[in-house]
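Listed below are the residues making up each chain.
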Amino acid sequence: MLRLDCLRVIYPEMQNCLVVTIMGATAAELHSLGHRQNFFYLQHAMGLASSTGLGLSLCLPDQKVVVFDGDGSLLMNLGSLSTMARYRPKNLLHVVFDNESLLSVGGFPTATSTGTDLEGIARAAGIPAVLSVRAVDDFRTAVKSALEGTQLTTIIAKVEAKGPAGYITDLSLVENRFQFRRYIQSLKRE
Amino acid sequence: MPVSLTSSKAIFNALKQCDIRLLSALPETWLVHLIRMADDDPEMTLVRLAKEEEGVGISAGAHFAGVKSGMLMQNHGFLASINGIVSFAHLYKIPLLMLISYRGTFGERDPWQTQGGNVTEALLRGMGIPYSFLDEIETVEKRIRQAQTLAESSLQPVALLLTRDLMWEE
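These protein sequence lines are chains A and B, in that order. Start counting the first sequence at 1; every next residue gets the next number (the working numbering). Start counting the second sequence at 1; every next residue gets the next number (the working numbering).
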């Protein structure tokens, strides 16, 4: 399963969500499908995408928030699973693309390649709904059902360690950040 | 416990007056009253963290959402947050109001706290983070308001160091 195919099949569902991605390949692939003002790409600060999603979802309980995390990023901030589980916002969907690799920084294998089980960790941390998927159709079903549901959900999507040739897009980091905030403020005025 | 309840109340009230509605926190002795007040106040969202760096992401999310937030941490928690501050708050121009208990300075009895005090201000200066002190109850409200004003206008992290003189009664 390719991450890009996963992102492609759920791209339409992301239209009305606030989306936070991790750096590198994940950000570049989502951007390549078509940037939207409700997408924020956290191009550094590995581990904090999930914390950002938690802050957003706690402050905007009526808004669906989706985080596209990765195994390398999540392993840098496993405590975030326990913090998310503690507050378990119903409007937060946490997707972890697990390619068992630090692909964007040289492709070195992460601990999920030697048996660390992120699904087990997320469940034991207290995330109320956790599942792993290995096929694109199952991924689409899992995302749709989590977005329709009312439980904090972590989806571990096992994907191949493949990504785009480059990661730099034509969207400056600061422009993205101001656009994202302005988009959210415009929702509040509606 | 000789942590000053009066000073803690003054800090908490000043935060409320600045419209701060979310506080992230990791407990430490000097912060116990503040964290309890945040927990008891229905207008305040308290996010108890596993590690202080998470607070950078939480505050960024709150900022995007239009909610003013603050971070309660010990100076060792600030040390643990440095990458998040630089590679998120500085990189993306995110305002952070960091209230940092300044352990390991003159009067510190706990041997394990004594190294953090030596490096806190040097790191704040090295990182270009504007900072000031909360050291007298009379100036608490004004300093917090000024710090928050600068964070919001400059879109950057600012720090207030909570000193022993303010926080500890013995």
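FYI, nobody ran anything at the bench for these hints, they're computed from the structure. It is possible that part of the hints are untrue.
To be verified - Capping the alpha-carbon separation at 30 Å, the derived lysine-lysine pairs in DSSO-like fashion look like this:
1) A/Lys188 with A/Lys162
2) A/Lys90 with B/Lys51
3) B/Lys16 with A/Lys162
4) B/Lys142 with B/Lys9
5) A/Lys64 with B/Lys142
6) A/Lys158 with B/Lys9
7) B/Lys9 with A/Lys64
8) B/Lys142 with B/Lys16
9) B/Lys93 with A/Lys64
To be verified - Now the stretches of chain B that chain A is said to cover, found in silico as 3 or more residues with beta-carbon under 8 Å:
10) 41-49
11) 53-59
12) 78-88
Just so you know, even glycine gets a beta-carbon here, dropped at the ideal spot from N, CA and C.
Hints not upheld, ascending by number: The structure conflicts with hints 1, 3, 5, 6, 7, although it agrees with all the remaining ones.
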